[in-house]
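*Asks:* Residues per chain, in single letters:
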Amino acid sequence: DAKTTQPPSMDCAEGRAANLPCNHSTISGNEYVYWYRQIHSQGPQYIIHGLKNNETNEMASLIITEDRKSSTLILPHATLRDTAVYYCIVRVTGTASKLTFGTGTRLQVTL
Amino acid sequence: EAEVAQSPRYKITEKSQAVAFWCDPISGHATLYWYRQILGQGPELLVQFQDESVVDDSQLPKDRFSAERLKGVDSTLKIQPAELGDSAMYLCASSPQDRETQYFGPGTRLLVL
Numbered sequence: 001d002a003k004t005t006q007p008p009s010m011d012c013a014e015g016r017a018a019n020l021p022c023n024h025s026t027i028s029g030n031e032y033v034y035w036y037r038q039i040h041s042q043g044p045q046y047i048i049h050g051l052k053n054n055e056t057n058e059m060a061s062l063i064i065t066e067d068r069k070s071s072t073l074i075l076p077h078a079t080l081r082d083t084a085v086y087y088c089i090v091r092v093t094g095t096a097s098k099l100t101f102g103t104g105t106r107l108q109v110t111l
Numbered sequence: 112e113a114e115v116a117q118s119p120r121y122k123i124t125e126k127s128q129a130v131a132f133w134c135d136p137i138s139g140h141a142t143l144y145w146y147r148q149i150l151g152q153g154p155e156l157l158v159q160f161q162d163e164s165v166v167d168d169s170q171l172p173k174d175r176f177s178a179e180r181l182k183g184v185d186s187t188l189k190i191q192p193a194e195l196g197d198s199a200m201y202l203c204a205s206s207p208q209d210r211e212t213q214y215f216g217p218g219t220r221l222l223v224l
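From first to last, the protein sequence lines are chains P and V. If you use my numbering, the first sequence corresponds to residues 1 to 111, in order. If you use my numbering, the second sequence corresponds to residues 112 to 224, in order.
Simulated from the structure, these hints should not be mistaken for laboratory data. A portion of the hints provided could be inaccurate.
Chain V is nowhere near these chain P residues, computed Cβ spacing over 10 angstroms in every case [claimed, not checked]:
id, residue
1, E14
2, R16
3, H49
4, K69
5, T100
Here are some, though not all, of the chain P residues that point toward chain V, as calculated from beta-carbon distances under 7 angstroms [stated by the list, open to error]:
id, residue
6, Y32
7, G43
8, P44
9, Y46
10, S97
11, K98
12, G102
Straight-line C-alpha distance at most 25 angstroms; calculated DMTMM-like pairs for lysine to aspartate or glutamate [to be verified]:
id, chain 1, residue 1, chain 2, residue 2
13, V, K126, V, E114
14, V, K122, V, E194
15, P, K3, V, E194
16, P, K3, V, D167
17, P, K3, V, E211
18, P, K3, V, E179
19, P, K69, V, D167
20, P, K3, V, E112
21, P, K52, V, D209
The C-beta atom is built at its ideal place from N, Cα and C for all residues, glycine as well.
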């Protein structure tokens with residue numbers, strides 16, 4: 001599995017964009033970047049994933065650098081309900097496709 | 112929107128007792144995963160099923176843990192006997208097929224006294 005590195009914590013003011021970085025310098029060409037978040041005491045929630053192109057859905061945007069060694073998850077207008085731990089995961093594409101979670105980034109959205 | 116169901120949501124038990132957790136995946140999802148999450152850490156895979164077959168149980172402590180998915184739909188994870196170190200959140204996830212996006216249930220929080 002490619003290892004990911006995320007800052008342990010970040011703050012963001014409500015209504016502003018939250019930009020969460022992730023480094024994955026050893027990523028292989030066929031490995032996807034996945035983002036999940038976990039609100040306190042709940043199960044992880046899928047946000048978005050991508051291979052090499054930028055992706056956008058109703059929750060967030062994912063920007064992957066051209067060399068694929070890093071990515072940024074963007075929450076365009078953060079709300080208090082976005083306070084959570086955000087996990088960046090590089091997905092193994094083998095026979096067993098487990099998700100390997102790190103310790104993630106704890107995002108605190110404040111008034 | 113379809114969701115993964117888990118029960119119970121909370122379980123308190125004494126050490127050496129048996130406990131069981133149940134998971135009902137999203138309808139039609141062939142792949143089912145059980146993860147364990149210790150407080151302050153990310154989830155770690157315990158076992159993965161493809162239909163009724165175990166694909167990966169390399170991290171399952173087989174001396175005390177067992178998992179089954181007899182008809183390839185819902186699944187049960189059992190611990191016997193429970194130990195203090197088993198206190199954690201047990202999460203179930205499912206995906207349509209292997210290597211596709213996984214969707215998680217709300218989890219079962221276990222406290223072993």
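*Asks:* Decide, hint by hint, whether the structure agrees.
*Replies:* Going down the list of hints, with the structure as the test:
Once the 10 angstroms rule is applied to beta carbons, E14(P) is consistent with being away from chain V; the minimum gap is 26 angstroms. Listed as outside the interface, R16(P) is consistent with that label: its C-beta sits roughly 27 angstroms from the nearest C-beta of chain V, beyond the 10 angstroms cut-off. The beta carbon of H49(P) sits about 7 angstroms from the closest Cβ of chain V, which is not more than 10 angstroms, so the claim that it is off the interface is violated. The Cβ of K69(P) sits about 21 angstroms from the closest Cβ of chain V, beyond the 10 angstroms cut-off, so the non-interface label holds.
Non-interface call for T100(P) relative to chain V: violated, since the shortest CB-CB distance, roughly 8 angstroms, does not exceed 10 angstroms. Among the interface hints, the one on Y32(P) is violated; its C-beta lies about 9 angstroms from the nearest C-beta in chain V, farther than the 7 angstroms criterion. Of the supplied interface hints, the one on G43(P) holds, with its beta-carbon coming within about 4 angstroms of a beta-carbon of chain V, less than 7 angstroms. Contact between P44(P) and chain V, as hinted, is supported at the beta carbon level, the nearest pair being about 5 angstroms apart and thus within 7 angstroms.
The beta carbon of Y46(P) comes within 6 angstroms of a beta carbon in chain V, closer than 7 angstroms, and the hint placing it at the interface holds. For S97(P), the suggested interface contact is upheld, since its CB lies about 4 angstroms from the closest CB of chain V, less than 7 angstroms. Against a cut-off of 7 angstroms between C-beta atoms, the interface hint on K98(P) holds, since the closest Cβ of chain V lies about 4 angstroms away. Taking 7 angstroms as the C-beta cut-off, the interface hint given for G102(P) holds, the closest approach to chain V being about 6 angstroms.
Our distance criterion of 25 angstroms between C-alpha atoms is broken by K126(V) and E114(V), whose separation comes to about 32 angstroms. Proposed proximity of K122(V) and E194(V) is supported: the alpha carbons are some 14 angstroms apart, at most 25 angstroms. Distance check on the hinted pair: K3(P) and E194(V) sit about 31 angstroms apart at the alpha-carbon level, beyond 25 angstroms; violated. With a C-alpha separation of about 21 angstroms, the suggested pair K3(P) and D167(V) falls inside the 25 angstroms cut-off, and the hint holds.
In summary, the hint linking K3(P) to E211(V) is supported, as the alpha carbons are separated by about 20 angstroms, within the 25 angstroms threshold. Taking the CA atoms of K3(P) and E179(V), the gap is about 31 angstroms. The hint is violated against a cut of 25 angstroms. This hinted pair does not check out: K69(P) and D167(V) have alpha carbons roughly 29 angstroms apart, beyond 25 angstroms. At most 25 angstroms may separate the alpha-carbon atoms for a hinted pair to count; K3(P) and E112(V) exceed this at roughly 32 angstroms.
As the CA atoms of K52(P) and D209(V) are separated by approximately 21 angstroms, the hinted pair is consistent with the 25 angstroms bound.
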